[in-house]
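A.B. asks: Residues per chain, in single letters:
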Amino acid sequence: MSLVLDSVSKTFPLAGRQVSVLDRISFTLETGRFLALLGSSGSGKSTLLRLVAGLERPSGGSLELDGAPIRGPGPDRGMVFQNYSLYPWLSAAANVAFALELRGFSRSEIRERTAFYLEVVGLADAARRLPRELSGGMQQRIAIARALAAEPRLLLLDEPFGALDLQIREAMQEFLHSLWRRTGLSVLLITHDVDEALLLAERVHLLSPRPGRIVESLEVDLDKQDLRSLRLSSSFQTLRHAVAESLRRLDPELG
Amino acid sequence: MAAGTPAPNSRLPAAARHPWILGALGLLALLGLWALVAGLGVVDGLFLPTPAAVWAAGVEEASSGQLWSDISASVLRVLAGFGLSALVALPLGIAMGASVTICRLLEPLLALLRYMPAPAFIPLLIIYFGLGELPKVLLIFIGTLFFNTLMIMDAVKFVPRQLLETTLTLGGSQRDLLLRVITPCIAPQVLDAFRINMAAAWNLVIVAELVAAESGLGKRISLAQRFLRTDQIFLGLIVIGLVGLLIDLSFRALMKRSCAWAS
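If you read the sequences in order, they're chains A and B. One point on numbering: in the working numbering, the residue at position 225 of the first sequence is 225, and numbering is uninterrupted. One point on numbering: in the working numbering, the residue at position 6 of the second sequence is 6, and numbering is uninterrupted.
Hints listed in this document are in silico derivations from the structure and should not be mistaken for laboratory results. Take the hints with a grain of salt, since some may be wrong.
One side of the interface only, derived from the structure: several residues of chain A facing chain B at Cβ under 8 angstroms [as the list claims (entries may be wrong)]:
no., residue
1, Phe12
2, Leu29
3, Ala53
4, Leu55
5, Pro58
6, Pro73
7, Gly74
8, Pro75
9, Gly78
10, Asn83
11, Pro88
12, Phe98
13, Arg103
14, Arg107
15, Leu130
16, Leu134
Between beta-carbon pairs, the in silico distance windows are [claimed, not checked]:
no., chain 1, residue 1, chain 2, residue 2, range
17, B, Ala111, A, Gly16, 26 to 34 angstroms
18, B, Asp154, A, Glu64, 56 to 64 angstroms
19, A, Ala242, B, Ala111, 43 to 51 angstroms
20, B, Leu179, A, Met1, 29 to 37 angstroms
21, A, Leu166, B, His18, 41 to 49 angstroms
22, A, Ala163, B, Ser258, 23 to 31 angstroms
23, B, Ser258, A, Leu222, 48 to 56 angstroms
24, A, Ala163, B, Arg175, 29 to 37 angstroms
Backbone N, C-alpha and C fix where the C-beta goes; we use that ideal spot for every residue, glycine too.
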C-alpha cells in the first residue's frame, strides 16, 4: 500500500468568492505506517481526509493509492467518523456483517468473519445489541470492526475519539494502538488532540489553519510499549508541550 | 410515543397511574353526563337519544348485518384509495428526497396541489367517473397523495449524510444506498406518516359517502338524517370514531413491532 498526495489543494465557494481550505498538501504513507495530521479547527484536516476517502474531489494536485488516482469512495479505504455512524436499525453484529455482505461473502463466511472482527475489538458479548444500547466507546469499536471487516488497505480515522469522555478516550487510544500493532494496519488519523497524535502516530504533520498547509513534520521517537506510563513520562510531556506551542503559534486567534 | 406524553405525575394516586386510567375516566364522565341529560328529559329525545337507545340501534344494525357491511364498504374504499396513494407516494417521495432535480421540479406543484381541498374535487370526479367506487377511491388517493409524498421526501432528506458516506466507503453502490440504507432508515417516519394521513383518508371516505353512495358508514348517517333517526346518527359517529382509532392503534402496533430500534 502506498498513498501519495502531491500538491493537493481545495477551494470552496463562499459568498461569491473562492476560499482556499487546503493549500498544496504533499505527503506519502506506506504500508503499516501510522500517520497523524494534527491541526486546530479551520485547518481543513477533515476535508483532507474526505479527499483521501474519495468523498470529495480536489481543486488541484493529485491523490494516488498504489499508483492509481483516487476517483471516488471505495472499500480499499475504510473510514471511521467521529460520531460512529452505525446503522441504528442493525445490531452490532449486523453492522459488522453489513460490510461483509457488500463484499459478497457467503452466509457462513459472514458469520465467521463477523464473530472474528467482534472478537478483535473485544465486543463479542455485545453482538446482538442495538447501537443505542451501547456506550460511545463501544459504538466506536463496532464502527472500527465494521471498517476492518471491509479489509481496507488503509484505515482513515476522522477525530474518532473526539466525542468520548477523557477516561474512555484514553482507553480507546490504547486499544487502537494495540490494534495497530497486532494487525499491521496502515492508518491515517486526523486529530486536534496533541496527546493523541503523539501517542499513536509514528509521524505527525502539523497543519496551519486557513488555509490548511503542512508547516512542520516530525518523527515521534518515543518508547510506546506502555502508553499509560508514557503519558506521564517527562520526555512525552516535554514533546507535547513543544508541539502544543507550535500549534498555538500557528493560529493567530490563539495568540 | 413516549416522547409525546408528559412525565408521569408522581403525585397521582397509585390507582390512577396507569396511562389509560385517566383517559377511561374522561370517557366515562362524558358518557355519564350524556345519560344524565338525556335521562332527565331536558332535551327532546328526538335530538338527543339516550345511550340505551343508541346501544339498541347498534344491536339492531349489528344483528341485521347492516353495520358490518357498512364498515366493510367504508374500510375497503379507504384501503384501496390509501393503498394506491402509498404505492405512488413511496417511490415519488424517495425520488424527490434523493434527487435535487426531481425535488425542484415537483415540489412547487405538490405544494400548490396540497392546498386544494380534496372534497372540492368531488364535483369533477362525479362528472368524470359517475357515482361508483372509482371516484371515491380517487378522492382518497388525491386527498392523501401529496401529504404522503412530501412527508416521505422529508424523511429521506433527514437520512444522516454520514450513513450514506459510510456505506460508500464500505463499497456500497447507489442501489445499496437506496435499498439497504435509505429504505430501512425512513421506515419509522413512513409508517408514522401513513398513520397520520390515514386519518385524512378516513375523513374523506365519509365525506364521499355523505355526498353520494350506496353503502358505507357515511351513507348510513345521511339516510338516518332523512328519517330523523338521531340514534342511528349517534351510532354512526361512534362507530366511525372507533374504527379510526382501531386503524391508528394498528399502525402504532405495527411500528412498535417492526421499528423497535427507533422508539
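A.B. asks: For every hint, state whether the structure bears it out.
C.D. replies: Verification of the hints:
Below 8 angstroms, beta-carbon pairs count as interface contacts, and Phe12 of chain A has none with chain B, the closest being about 16 angstroms; its hint is therefore violated. Below 8 angstroms, beta-carbon pairs count as interface contacts, and Leu29 of chain A has none with chain B, the closest being about 17 angstroms; its hint is therefore violated. With its C-beta approaching chain B no nearer than about 6 angstroms, Ala53 of chain A sits inside the 8 angstroms limit, and its interface hint holds. Interface hint status for Leu55 of chain A: upheld, as the beta-carbon distance to the closest one in chain B is roughly 5 angstroms, under 8 angstroms.
Taken as an interface hint, Pro58 of chain A does not check out: its beta carbon lies about 17 angstroms from the nearest beta carbon of chain B, beyond 8 angstroms. Taking 8 angstroms as the C-beta cut-off, the interface hint given for Pro73 of chain A holds, the closest approach to chain B being about 4 angstroms. Evaluation of the Gly74 of chain A hint against chain B yields a held restraint, the C-beta minimum of about 6 angstroms falling below 8 angstroms. Checking Pro75 of chain A against chain B by beta carbon gives a least distance of about 3 angstroms; that is within 8 angstroms, so the hint holds.
A hinted interface residue such as Gly78 of chain A counts as satisfied when its beta carbon comes closer than 8 angstroms to some beta carbon of chain B; here the least separation is about 6 angstroms, so the hint holds. About 7 angstroms separates the beta-carbon of Asn83 of chain A from the nearest beta-carbon of chain B, less than 8 angstroms, and the hint is met. For Pro88 of chain A, the interface hint holds, the least distance from its beta-carbon to any beta-carbon of chain B being 6 angstroms, beneath 8 angstroms. Taken as an interface hint, Phe98 of chain A checks out: its beta carbon lies about 7 angstroms from the nearest beta carbon of chain B, inside 8 angstroms.
Taken as an interface hint, Arg103 of chain A checks out: its beta carbon lies about 6 angstroms from the nearest beta carbon of chain B, inside 8 angstroms. The restraint placing Arg107 of chain A at the interface with chain B is violated, with a minimum CB-CB distance near 16 angstroms, outside the 8 angstroms limit. Satisfaction of the interface hint for Leu130 of chain A is found here, the shortest Cβ-Cβ separation to chain B being roughly 5 angstroms, below the 8 angstroms cut-off. A least Cβ separation of about 12 angstroms between Leu134 of chain A and chain B goes past the 8 angstroms threshold, and the interface hint is therefore violated.
The hinted window of 26 to 34 angstroms between Ala111 of chain B and Gly16 of chain A holds, with their beta carbons roughly 29 angstroms apart. Between Asp154 of chain B and Glu64 of chain A the CB atoms are about 40 angstroms apart, so this pair departs from the stated range of 56 to 64 angstroms. Between Ala242 of chain A and Ala111 of chain B the Cβ separation comes to about 59 angstroms, which falls outside the hinted range of 43 to 51 angstroms. Checked against the hint of 29 to 37 angstroms, the pair Leu179 of chain B and Met1 of chain A passes, with Cβ atoms roughly 32 angstroms apart.
At roughly 43 angstroms, the beta carbons of Leu166 of chain A and His18 of chain B sit within the given window of 41 to 49 angstroms. Under the hint 23 to 31 angstroms, the C-beta atoms of Ala163 of chain A and Ser258 of chain B, about 30 angstroms apart, fit the expected range. Here the CB-CB span from Ser258 of chain B to Leu222 of chain A is close to 52 angstroms, well matched to the stated 48 to 56 angstroms. Between Ala163 of chain A and Arg175 of chain B, the C-beta spacing of about 31 angstroms keeps the proposed range 29 to 37 angstroms intact.
When the structure is compared with the earlier hints, violations turn up for hints 1, 2, 5, 14, 16, 18, 19 and for no others.
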